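Peer 1: This is what each chain is made of:
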Amino acid sequence: MSFAPSTTSVKLVLLGEAAVGKSSLVLRFVSNDFQENKEPTIGAAFLTQKCTVGDRTIKYEIWDTAGQERFASLAPMYYRNAQAALVVYDITKPASFIKARHWVKELHEQASKDITIALVGNKYDLVADDNDSDDSLRKVSMEEGKALAEEEGLLFFETSAKSSHNVNEVFVAIGSKIPEAKPVTEELGSRPGNVGRIDLSGPALRSNLSDCAC
Amino acid sequence: MPAFRRTERRKSMAERRPSASYIPPVIPPLSGLEKPNSHSLNMDQCDILILGTGLVESILAAALAWQGVNVLHIDRNKHYGDSCSTLTIDQLKKWSMEVNAGRMAHFSDAQIYIPGGKHNNTFTSKDYGVDLCPRVMFAQLDFLALLVKSRVYKYLEFQSLSSFHLFENDHFRSKLSNTTKEEIFTDQSILLQTKRALMKFLKFVLQDNADESKQELLRNNSNTPIEAFLKDNFRLESPQTDELIYSIGLCNAKGTKTPEALARIKRFLVSFDVYGNFPVMMLKYGGPGEISQGFCRSAAVADSTYKLDTRLVDFDPQEKIAKFNDGSSVKINEKIVVSPTQTPKFLAKNYAELEEKLQLFTVTRLTTIVRNDCKEWIAENETSAIVVFPPNSLPTNNQYSVQVLIQNGGSGVCPVGELIWYSHTSEPNSAKAKEDLESAYTKMESSLIRESEADLEGVLDESDFTVSHQGTPILVNSFKLGESLQNFLPKKTLDIVCKIGYVQTTYINPDLSNVLLDKKQTGNISSLTVKDSSDILFLNMPSSEVSYDGIIGEVKLLYQRITGSDEDFFDVDFEDDDEDYSQAVASASAAIDSELAIEDSDYDPSHHEPFGANEMEL
Ligand SMILES: Cc1cc2nc3c(=O)[nH]c(=O)nc-3n(C[C@H](O)[C@H](O)[C@H](O)COP(=O)(O)OP(=O)(O)OC[C@H]3O[C@@H](n4cnc5c(N)ncnc54)[C@H](O)[C@@H]3O)c2cc1C
Ligand SMILES: Nc1nc2c(ncn2[C@@H]2O[C@H](COP(=O)(O)OP(=O)(O)OP(=O)(O)O)[C@@H](O)[C@H]2O)c(=O)[nH]1
Ligand SMILES: [Mg+2]
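Residue numbers (our numbering), protein chains in the order written: chain A, 1 to 214; chain B, 215 to 832.
Careful: at least some of the hints might be erroneous.
Label pairs and their in silico Cβ distance ranges [claimed, not checked]:
# : chain 1 : residue 1 : chain 2 : residue 2 : range
1 : B       : Tyr327    : A       : Ala173    : 44 to 54 Å
2 : B       : Phe418    : A       : Ile198    : 47 to 57 Å
3 : B       : Val527    : A       : Ala173    : 40 to 50 Å
4 : B       : Asn256    : A       : Asp114    : 33 to 43 Å
5 : B       : Asn335    : A       : Lys113    : 20 to 30 Å
No more than 20 Å apart at the CA atoms, straight line, and that leaves these computed lysine-lysine pairs for PhoX-like [as the list claims (entries may be wrong)]:
# : chain 1 : residue 1 : chain 2 : residue 2
6 : B       : Lys308    : B       : Lys340
7 : A       : Lys113    : B       : Lys340
8 : A       : Lys59     : B       : Lys368
It should be emphasised that the hints constitute simulated quantities derived from the structure, not laboratory data.
Predicted, not measured: the structure shown is a model, and the values here were computed from it.
For each residue, glycine too, the CB sits at the ideal point set by N, CA and C.
The whole structure should be built from the sequences, with the hints applied where relevant.
Peer 2: Shown next as structure tokens:
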């Protein structure tokens, strides 16, 4: 264990309008898979995936929204201690970009001050082969996304969960912006305010073999 | 490696165009879209409608949703948790106003005191999470097993609590329970004879309930007050018995019947050493309010629909159409489950009819946030403690015990350096109850001040000094110094951030007999049928019980009334969970290992060797 690279545990929350591809991005990142007609939301508490950034291993604890956001009824539990957030929109759906702006605002209000937020315009594959024709599917320009990201201090990517374009890049970029945290391996009392935490799940998962595909 | 990756992707349309000539796409105006809350429920039907996101309702929602029941779960409040919410100070203020305006059924008499005003009492409301109905979790409890089984534990953080203090003869003792099992009775002041008697009693408690001699003794004493039982059978008397009954057992009143008291004492003993040298756990960031949110999320993952800040305004029992204040209508295929604080006006009469059949109990609570870290009372590496004032221990001659739960900043419910004191009593007379709670508060306050000032050096702390530009320290608060030196026992009071008191009623008996023992739960509103409208189910208010006991019983009862049986209650195969998504075989098998670890820690009375049962020979 002593030779293992330091592992940082990062809670990452996903926000964005329905059907923009939040779950698909996670599926691509965690399983390198894509489903054409993905059912809305996934039946998981949250997913975990490790990712190597430089000499660090980031263990992402990914919270998909599960639909509670539909009527602005997300529980405070969802935001709490989130160190990173993906705000996703669909570059072919202008309304989803407006919703993304709303979520950025909400995050600044509700989440911790030093949260790392990435703005992600998804479904890039739908416009990748566009020429300059006017009937392009793209409805949100890259500038528009970039401008919002700059204004609000966010990371910015255009991705495709379908082609996997830029998906790992998002997670690597978030990982490298997360400040060097205390390693999870010395759990007890090491994190500030984490006094005497009891682990109900027995020995923590420590598989060094499952680094992410990046 | 991704199966497919563009190394050189084509430039997007926007990139290829010089930005000057770029015409921004038409974006609809922000107004309207900015507020997703204004969306009305765009669904036409659901199976079950649940009003209120309290603990029982939320567990029920998740249990139903995981069996494929289509649940619509709403709350008239803007926050989760209903009667057992975890609230910020601003939310508490609003809540108190609602209570005093009579808009919060079963709650009354809210008093909130925030001293000082903006200048000398600065705090950030958001830094606080105050439970309306705080609880502790015994490690060996069906409730914890449910958190594990439902996987809701993954959303939560648990912390240990091992300090149980008992107030007696005007001071606090913590000899009996604030200790490891090895030192449980090493207190030199206990006579060897008493020690033997205690050991004998504890062995008896831990004995299998199926044992015939034990059963007979219990049968013969089913109505005996525990005090008499201990005296006659084990020659145990006060003060040892007080600690057994009120500290370890957390009994509410004098004369608790023997079977109940024994079950409570056993609950403590079998919980010890399950996860470590402590019997009880607390949740970080808040108790029942936090767990409610966890179950709501679980239900949402299983496809329930959530909408806060929404009320049911009408229901047509023939057409089964429910109308909401957002203007939407939804057909309810099966039943409506109603929290006692969210009864719609049109059901008020039905609710009142049921109420007539039930006995009402009162819980009075006083919660205080103080600026003090109370190191003396909380064990090292822990964040919380319990203080019990047994009957007759206070100057008010309290007839019921006052139970106080203390949490410090390490538990995430308040800033570091501060404490939340949650006190409550099941004294039926609420005026008397308030006196008892105030009295307990005063005792704790003066004890705390005495302890922190016994050492004169502690009178001045760093915050009393600032350093001038030249680097010389300047005494900022010389008044405090003078006062402290002149009166060694100053009439100093604790620095309070916020103090809130309220009275709550419930149909659950403090001894939990109508939820734990009465199998048909006839004395319990969850089991009663509404006349002419069997589609409506009413729920109970939270009990006065300081643990999570009795909650699962109520949820199961409702679950059974809705689905016909409780056999498949949370009988869920979480095959969709994270493991499925892990691509590496290694991580998958590691995950299975961890599942086994959880299973192992599940409550199994036949294999569990509680509390060093065989180490207790003298
Ligand atoms: C607050 C409280 C009040 C009670 N009052 C009475 C009473 O008045 N009369 C009476 O006959 N029995 C009472 N009981 C006992 C209770 O109703 C069960 O009969 C008992 O917990 C289980 O007995 P057992 O022999 O099946 O279990 P055992 O295998 O002996 O259980 C071991 C111990 O684990 C604990 N435990 C198990 N299940 C629970 C649970 N659901 N909640 C809390 N602790 C649990 C109990 O301390 C129990 O004694 C009470 C229990 C509690 C927690
Ligand atoms: N072409 C294309 N389709 C995508 C992409 N990402 C997701 N989709 C499709 O978009 C649909 C919605 O994707 P989801 O991942 O379920 O979206 P979501 O944001 O999780 O949706 P909700 O859970 O309902 O909020 C599915 O049919 C996906 O197959 C993408 O990058 N390109
Ligand atoms: Mg989804």
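Peer 1: Are there hints from earlier that the structure breaks, and if so, what are their numbers?
Peer 2: 2
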